[in-house]
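*Asks:* Sequence:
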Amino acid sequence: MVLDLKKDMKKVNEKLEDTVKKVDKKFNEFIKKGLKDIKPHKVFK
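When you number the sequence shown by the numbering used here, it's gap-free, plus one each residue, and the end is 45.
You may find that some hints are simply not true.
[What the hints assert, rightly or not] Pairs of lysine to aspartate or glutamate residues, derived as EDC-like cross-links and limited to a Cα-Cα distance of at most 20 Å, are as follows:
1. Lys6 - Asp18
2. Lys25 - Glu14
3. Lys25 - Asp8
4. Lys26 - Glu14
5. Lys26 - Asp8
6. Lys22 - Asp4
7. Lys7 - Glu17
8. Lys7 - Asp18
9. Lys36 - Asp24
10. Lys6 - Asp24
Bear in mind the hints are in silico, worked out from the structure with no lab data behind them.
Remember, it's a predicted structure, so these values are computed and weren't measured experimentally.
Work out the full structure, taking the sequences as your base and the hints as a guide.
*Replies:* This is the structure in structure tokens:
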């Protein structure tokens, strides 16, 4: 019973990590794209 719970928790943790990685990747791409769209020299002039 306890062993099953640990296995389930491991699966849940792996799914969470997977989701976090996917979200992280999308977020990073979004930021990079955003930074390309914003021209720095326009901001600082």
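*Asks:* Take the hints in turn and mark each one as holding or not.
*Replies:* Hints versus structure:
1. Between Lys6 and Asp18 the CA atoms are separated by roughly 18 Å; this keeps the pair inside 20 Å, and the hint holds.
2. For the suggested pair Lys25 and Glu14, the alpha carbons sit about 16 Å apart, so the restraint of at most 20 Å is met.
3. A distance of roughly 26 Å separates the Cα atoms of Lys25 and Asp8; the hinted pair therefore is violated under the 20 Å criterion.
4. Proposed proximity of Lys26 and Glu14 is supported: the alpha carbons are some 18 Å apart, at most 20 Å.
5. Proximity of Lys26 to Asp8 is assessed by CA-CA distance (about 27 Å); at most 20 Å being required, the pair is judged violated.
6. At most 20 Å may separate the alpha-carbon atoms for a hinted pair to count; Lys22 and Asp4 exceed this at roughly 27 Å.
7. Between the alpha carbons of Lys7 and Glu17 the distance comes to roughly 15 Å, so the proposed pair stays at or under 20 Å and holds.
8. About 17 Å separates the Cα atoms of Lys7 and Asp18, which keeps this hinted pair within 20 Å; it holds.
9. Between Lys36 and Asp24 the alpha-carbon distance is near 18 Å, which keeps this suggested pair within the 20 Å criterion.
10. About 26 Å separates the Cα atoms of Lys6 and Asp24, which puts this hinted pair outside 20 Å; it is violated.
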